[in-house]
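Going line by line, the protein sequences match chains A and B.
The numbering of the first sequence is the numbering used here, which starts it at 9 and goes up by one.
The numbering of the second sequence is the numbering used here, which starts it at 160 and goes up by one.
Derived from the structure by calculation, the hints contain no laboratory data.
Treat each hint with caution, since some may be false.
Below, a list of computed lysine-lysine pairs in the DSS-like style, where the Cα atoms sit at most 27 angstroms apart [stated by the list, open to error]: (1) Lys-40(A) x Lys-26(A); (2) Lys-181(B) x Lys-70(A); (3) Lys-203(B) x Lys-96(A); (4) Lys-203(B) x Lys-46(A); (5) Lys-26(A) x Lys-42(A).
Chain B is faced by these chain A residues, among others (derived, beta-carbon under 8 angstroms) [as the list claims (entries may be wrong)]: (6) His-10; (7) Asn-54; (8) Pro-56; (9) Cys-66; (10) Ile-103.
A virtual CB, placed ideally from N, CA and C, is assigned to each residue, including glycine.
This is what each chain is made of:
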Amino acid sequence: MHVNISYSLIAILIMGIKTFSIRSAPFVLFGKNKATPKCIVYLGNNLPPVVMAMLIICCLRKINLHAFPFGIPEAIGIITVAVLHIWKRNNLISILGGTSVYMILVQLIL
Amino acid sequence: MYWVVGTIIGSVAGTIIKFNTKGIDFAMTALFVVIFIEQWYSYKNHIPAAIGILSTIISLIIFGADNLVLPLMLLITITLMIFRSR
Chain A
9 MHVNISYSLI AILIMGIKTF SIRSAPFVLF GKNKATPKCI VYLGNNLPPV
59 VMAMLIICCL RKINLHAFPF GIPEAIGIIT VAVLHIWKRN NLISILGGTS
109 VYMILVQLIL
Chain B
160 MYWVVGTIIG SVAGTIIKFN TKGIDFAMTA LFVVIFIEQW YSYKNHIPAA
210 IGILSTIISL IIFGADNLVL PLMLLITITL MIFRSR
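Go ahead and model the full structure; you've got the sequences and the hints to work with.
Below, the structure is given as structure tokens:
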């Protein structure tokens with residue numbers, strides 16, 4: 009499928025306009041000099057943990073718990089990541105170790 | 160600048176190195192787990208995290224994996240508003 013350059017440029021331009029509008033909308037809607045409403049401040053302080061929990065489960069939503077692997081490689085991988093991180097508190101070790109365990113499980117064992 | 164250089168190195172190395180990369184998407188899930196654990200240590204109040212987990216699982220069961228996101232967002236917003244006053 010051949011995509012024109014102009015097609016890509018127009019798509020990038022539209023996405024840029026859309027992203028800028030959405031990011032500037034709170035400042036436009038809530039007034040530049042007034043304090044942000046307490047509701048929004050509360051959401052801003054408390055949404056990150058919610059979003060992280062949501063993202064973890066959204067990454068795992070496609071696994072089928074009733075078919076053969078029963079989600080066991082993913083479970084072992086996540087437990088490995090958690091244990092490594094609680095033990096070492098090092099992001100790189102936890103991510104690399106957990107991903108390696110998962111890849112080995114998926115490619116060689118199951 | 161680091162981002163651009165890193166992406167270039169990644170895409171070039173990706174075409175050169177050939178090994179079986181099945182299962183490498185798990186790196187993203189692992190990253191989110193690590194960030195979640197870091198947040199668990201730094202936030203005193205664990206109720207928003209619990210709201211996130213429960214809401215997502217409930218939405219997954221009710222709406223299925225494909226239609227998950229929009230009802231989930233509504234559910235999270237409503238639940239956070241409810242728990243705000245407690």
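Now for the hints, and whether the structure bears them out:
Distance check on the hinted pair: Lys-40(A) and Lys-26(A) sit about 21 angstroms apart at the alpha-carbon level, within 27 angstroms; holds. In summary, the hint linking Lys-181(B) to Lys-70(A) is supported, as the alpha carbons are separated by about 16 angstroms, within the 27 angstroms threshold. In summary, the hint linking Lys-203(B) to Lys-96(A) is supported, as the alpha carbons are separated by about 21 angstroms, within the 27 angstroms threshold. Distance restraint check for Lys-203(B) and Lys-46(A): the Cα-Cα separation of roughly 20 angstroms lies within the 27 angstroms cut-off, and the hinted pair is therefore satisfied.
About 25 angstroms separates the Cα atoms of Lys-26(A) and Lys-42(A), which keeps this hinted pair within 27 angstroms; it holds. Because the closest C-beta pair between His-10(A) and chain B is about 21 angstroms apart, greater than 8 angstroms, the hint is violated. Nearest Cβ of chain B to the Cβ of Asn-54(A): about 4 angstroms, under the 8 angstroms cut. The hint holds. Interface restraint check: Pro-56(A) against chain B, minimum CB-CB distance 6 angstroms, threshold 8 angstroms, status holds.
This hint holds: Cys-66(A) has a C-beta 7 angstroms from the nearest C-beta of chain B, less than the 8 angstroms allowed. About 5 angstroms separates the beta-carbon of Ile-103(A) from the nearest beta-carbon of chain B, less than 8 angstroms, and the hint is met.
Violated hint for the displayed structure: number 6, the only one.
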